[in-house]
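Knowing the structure of chain A, use the given hints to seat chain B on it.
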Amino acid sequence: EDKVVQSPLSLVVHEGDTVTLNCSYEVTNFRSLLWYKQEKKAPTFLFMLTSSGIEKKSGRLSSILDKKELFSILNITATQTGDSAIYLCAVHTGTASKLTFGTGTRLQVTL
Amino acid sequence: NAGVMQNPRHLVRRRGQEARLRCSPMKGHSHVYWYRQLPEEGLKFMVYLQKENIIDESGMPKERFSAEFPKEGPSILRIQQVVRGDSAAYFCASSPGRPMNTEAFFGQGTRLTVV
Chain A
324 EDKVVQSPLS LVVHEGDTVT LNCSYEVTNF RSLLWYKQEK KAPTFLFMLT SSGIEKKSGR
384 LSSILDKKEL FSILNITATQ TGDSAIYLCA VHTGTASKLT FGTGTRLQVT L
Chain B
35 NAGVMQNPRH LVRRRGQEAR LRCSPMKGHS HVYWYRQLPE EGLKFMVYLQ KENIIDESGM
95 PKERFSAEFP KEGPSILRIQ QVVRGDSAAY FCASSPGRPM NTEAFFGQGT RLTVV
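So the protein lines, in turn, are chains A and B. Going by the numbering used here, the first residue of the first sequence is number 324, and it counts up by one from there. Going by the numbering used here, the first residue of the second sequence is number 35, and it counts up by one from there.
Don't read these hints as lab results, they were simulated from the structure. Please note: incorrect hints may appear among the correct ones.
With a straight-line cut-off of 27 Å between C-alpha atoms, the simulated DSS-like cross-links for lysine-lysine are [what the hints assert, rightly or not]:
1. B:Lys61 - A:Lys326
2. B:Lys61 - B:Lys105
3. A:Lys326 - A:Lys391
4. B:Lys78 - A:Lys390
5. A:Lys363 - A:Lys326
6. B:Lys105 - B:Lys78
7. A:Lys360 - B:Lys61
8. A:Lys391 - B:Lys61
9. A:Lys364 - B:Lys78
10. B:Lys61 - A:Lys363
11. A:Lys360 - A:Lys380
12. A:Lys379 - A:Lys360
13. A:Lys326 - A:Lys379
14. A:Lys360 - A:Lys391
15. B:Lys78 - A:Lys326
16. B:Lys61 - A:Lys364
17. A:Lys379 - A:Lys390
18. A:Lys380 - A:Lys326
19. A:Lys380 - A:Lys363
20. B:Lys78 - A:Lys363
21. A:Lys360 - A:Lys390
22. A:Lys390 - A:Lys326
23. B:Lys85 - A:Lys364
24. A:Lys390 - A:Lys363
25. B:Lys78 - A:Lys379
26. B:Lys61 - B:Lys78
27. B:Lys78 - A:Lys360
28. A:Lys391 - A:Lys379
29. A:Lys380 - A:Lys390
30. B:Lys105 - B:Lys85
Bound conformation, chain A alone:
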């Protein structure tokens, strides 16, 4: 059974800190890994990673994939209170049409 594990489960930081969120996976026929941000409503897409070692960047967020060690990290620099959310990692496998999600990391950024 495909498995996606995220750590930590929750995290509280001060505004301005840098955080690293982890996602490891054990799946068959890996195709891509996706990161989503979920506030009180719809998960919103952040990144899709398919190749190892290539960093994707969007403003203060960046992510990289290691297909040899089967993990990805999501970095957020200079955190702001608006970054408070649940960050979801999902893996798409080629033999199925579904995304397998981790349970998420709940990030809280305080003043």
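What follows is chain B alone, placed relative to chain A:
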């Protein structure tokens, strides 16, 4: 271009009643996915549909749950004879094709509460 539209946003049903959740995909998207999120858990895949076809229902409970995506109109997730354990947030996502090269866009979800 409106995003994925789900309705209702909140639904309260008594045990034994039926729940119908609707999802209108983004314009131009012909692939719909339903996920369920229990409190403090990640999203769990339920079913993947294309117009008039169920492609993968491996995550769907065998009884009481059904889904359809007709040629015209929204996709419907139907839960018959609801029980307390069905209380969850149900999210719909759509994509223009299978999500191998593109991300799936999620709706705002329907929060089902069974009392």
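Against the structure, the hints come out as follows:
This hinted pair does not check out: B:Lys61 and A:Lys326 have alpha carbons roughly 32 Å apart, beyond 27 Å. About 14 Å separates the Cα atoms of B:Lys61 and B:Lys105, which keeps this hinted pair within 27 Å; it holds. In summary, the hint linking A:Lys326 to A:Lys391 is supported, as the alpha carbons are separated by about 16 Å, within the 27 Å threshold. Distance restraint check for B:Lys78 and A:Lys390: the Cα-Cα separation of roughly 23 Å lies within the 27 Å cut-off, and the hinted pair is therefore satisfied.
A distance of roughly 25 Å separates the Cα atoms of A:Lys363 and A:Lys326; the hinted pair therefore holds under the 27 Å criterion. The hinted pair formed by B:Lys105 and B:Lys78 meets the criterion: a straight-line CA distance of about 26 Å does not exceed 27 Å. Taking the CA atoms of A:Lys360 and B:Lys61, the gap is about 23 Å. The hint holds against a cut of 27 Å. As the CA atoms of A:Lys391 and B:Lys61 are separated by approximately 38 Å, the hinted pair breaks the 27 Å bound.
Taking the CA atoms of A:Lys364 and B:Lys78, the gap is near 16 Å; set against the 27 Å cutoff, the hint holds. Our distance criterion of 27 Å between C-alpha atoms is met by B:Lys61 and A:Lys363, whose separation comes to about 24 Å. The straight-line distance between the Cα atoms of A:Lys360 and A:Lys380 is roughly 15 Å, inside the 27 Å bound, and the hint therefore holds. A distance of roughly 15 Å separates the Cα atoms of A:Lys379 and A:Lys360; the hinted pair therefore holds under the 27 Å criterion.
Under the criterion of a C-alpha separation no larger than 27 Å, the hint pairing A:Lys326 with A:Lys379 is consistent with the structure, at around 23 Å. Between A:Lys360 and A:Lys391 the CA atoms are separated by roughly 25 Å; this keeps the pair inside 27 Å, and the hint holds. Only pairs whose Cα atoms come within 27 Å are accepted, and B:Lys78 paired with A:Lys326 is accepted, the gap being roughly 11 Å. The suggested pairing of B:Lys61 with A:Lys364 holds, with an alpha-carbon distance near 20 Å, which does not exceed 27 Å.
A distance of roughly 15 Å separates the Cα atoms of A:Lys379 and A:Lys390; the hinted pair therefore holds under the 27 Å criterion. Straight-line distance between C-alpha atoms of A:Lys380 and A:Lys326 comes to about 26 Å, which keeps the hinted pair within the 27 Å bound. Only pairs whose Cα atoms come within 27 Å are accepted, and A:Lys380 paired with A:Lys363 is accepted, the gap being roughly 24 Å. A distance of roughly 17 Å separates the Cα atoms of B:Lys78 and A:Lys363; the hinted pair therefore holds under the 27 Å criterion.
Between A:Lys360 and A:Lys390 the CA atoms are separated by roughly 22 Å; this keeps the pair inside 27 Å, and the hint holds. Only pairs whose Cα atoms come within 27 Å are accepted, and A:Lys390 paired with A:Lys326 is accepted, the gap being roughly 15 Å. For the given pair, B:Lys85 sits about 26 Å from A:Lys364 by alpha-carbon distance, which is consistent with the 27 Å threshold. At roughly 31 Å between alpha-carbon atoms, A:Lys390 and A:Lys363 are farther apart than 27 Å, so this suggested pair is violated.
Our distance criterion of 27 Å between C-alpha atoms is met by B:Lys78 and A:Lys379, whose separation comes to about 26 Å. Restraint check for B:Lys61 and B:Lys78: satisfied, since their Cα atoms lie roughly 25 Å apart, inside the 27 Å limit. A threshold of 27 Å between alpha carbons decides the hint, and for B:Lys78 with A:Lys360 the separation of about 16 Å falls inside it, so the pair holds. The straight-line distance between the Cα atoms of A:Lys391 and A:Lys379 is roughly 18 Å, inside the 27 Å bound, and the hint therefore holds.
Distance restraint check for A:Lys380 and A:Lys390: the Cα-Cα separation of roughly 18 Å lies within the 27 Å cut-off, and the hinted pair is therefore satisfied. Restraint check for B:Lys105 and B:Lys85: the C-alpha separation of about 6 Å stays at or below 27 Å, so the hint holds.
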